[in-house]
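Chemist: Listed here are the chains, written in short residue letters.
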Amino acid sequence: MREFRILSPTAILGYGFPLASFQAGLAKKPHLIAVDAGSTDPGPYYLGEGVSFTDRQAVKRDLALMLKAGIQNKIPVIVGSAGGSGADSHLAWCRAIVDEIARDEQLSFTMAVIHAEFKPETVLEALREGRIRPLDPAPPLNEDLVTSSSRIVGQMGVEAFVRALADHPDVILAGRSYDPAVFAALPIRLGFDPGLALHLGKILECAAICATPGSGSDAMFGTLYEDHFLVEPLNPDRACTPLSVAAHTLYEKSNPSLLPGPGGRLNLNEARFEAVSDRIVRVSGSRFEPSARYTVKLEGARPIGYRTVSIAGVRDPFMIRAIDSVIAGVRARVADNFADLAGRYRLLFHVYGRDGVMGPLEPAPGLDGAHELGLLIEATADTQAQADTICGFARSTMLHFGYPGRRATAGNLAFPYSPSDLHAGRAYVFSLYHLLEVDDPAGPFACEWVRCGEGQPCV
Amino acid sequence: MRVTLASITDVIRSKNAGPYELTFDIMFTTRAWFERAVAAGVFNTALICRLYRIPPEDVLGIIAYPPAKAIKVTIRRPICSGDIGETDVYGAQQHAPLLDLAFDL
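Protein chains in written order, with the numbering used here: chain B, 1 to 459; chain F, 460 to 564.
Chain B on its own, in the form it takes in the complex (with noise of 0.2 angstroms):
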């Protein structure tokens, strides 16, 4: 029975995984080491800065041992949302590390890079074409929406991938991908069935997640056949039990039996979920449904200004009673004091103690009992400076604020720190989430060729 064995050493390049666990991998011989580097989790910040929310120094570590023993043994090795976004920015940062390696250890060979951002122009021109639609709840798109956005990724799905490996190129690294694609590409190329294909990529992509104990930070094992897959964890201290398994499907999604991705959807309402041993679960049933269109996902962040914080406790209980009308009462004489930057900054107050982590889906917002407060005062505006006045003034005006029965009259925050204003930087939000209708697949997706190593920068 034909059988195709893969390697995913840790749930994102940069997380790290143990040595033994890699090494115990590799003894069983795989066809490929792929690892997905990305998500949109860490928040819009990433994919609108264009920086990666994984440590360089992490991921070069991660990425040496990968490609060191792909090469070494001829074994594909295929990155996919480089640099956690996947935007060209990622990819060129991702792909500066490659080259470090490919010198340090003096590796030689020949990597397929495909680029996942999309220009504006190209967005607005499908939009106009009635070509993108909302990927629900997300608000529809418009023009400004595009073109305000500092980035716009999209998912490409396997067939971006199949392309490039027509060539065979010893190293994929990928911009944003659909996290699976990176493991079910090749396995598809060579026939396999894509649902489960697709499947075990989904399990695969988190990889040790879904054993037991689980972990981000620790290799897990699949091999493919052609109607069903086997996974296990190479760490003997975990194991992969059905329930283990089966629930990982539910991670982050919110239907664990139709998964949506490029081009159609992942269907597991007839998986089966069955002990192999006691650490090795097979599965079986995946279907994969191509959908009438090929659609894509984009992602977008946009720019909305900078912003400035200060940290500060309460202990008083009279302070803490008197709360509300406190933050009112400052919130008022901002708004007075800079009339002019009306309606040009936003100006909030967490409360940690009563609604700091729910906020409005806070079921008990309430302050009793509450011992002491956590403050974060947050203001965003158009410029740094702006933000530090805003922040700045609303700080020292809490500070000294007089309320009824106040009795200590030296000052009402307790700061961690001096200065007590950060800098948090701009800010942004996403701003597109959208699907967008394809003909061809691969076709947003350039790819370029470059061969790396012998002592020259990859070119």
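Rather than coming from a laboratory, the hints here were simulated on the basis of the structure.
What you were told as hints is all true, and nothing was included just to trick you.
Here are the simulated distance ranges between beta carbons:
#	chain 1	residue 1	chain 2	residue 2	range
1	B	E274	F	A491	13 to 23 angstroms
2	B	G374	F	Y549	11 to 21 angstroms
3	B	R103	F	A491	55 to 65 angstroms
Residues from chain F that face chain B, not an exhaustive set, calculated with beta carbons under 7 angstroms:
#	residue
4	K474
5	A476
6	P478
7	Y479
8	L510
9	P526
10	T533
11	R535
12	P537
13	S540
14	T546
15	V548
16	Y549
17	P556
From the three backbone atoms N, C-alpha and C, an ideal C-beta is built for every residue, glycine too.
Given the coordinates of chain B, assemble chain F onto it according to the supplied hints.
Modeler: Positioned in the frame of chain B, the structure of chain F alone reads:
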């Protein structure tokens, strides 16, 4: 029999499902508790609306998933993840009200 949700579950968690949705996973300790909870319909739109102070249209789905003896509840996020006013970018600490639930099962 009055039981607390925490006493009949192994996992109660919340997380973003994309930047516009918040999803809750409730995994029961045994298949029997899962089946009793599903049969009794303890997770319903009215309960989620009351717990999270949201209108019914913001409850996007309540799904029983037998392979993991789990119930999944998905709601609309109050704001898109990371927008101004955000309190929990990953949505990982929004499950706490579920821990205090108690039912007659």
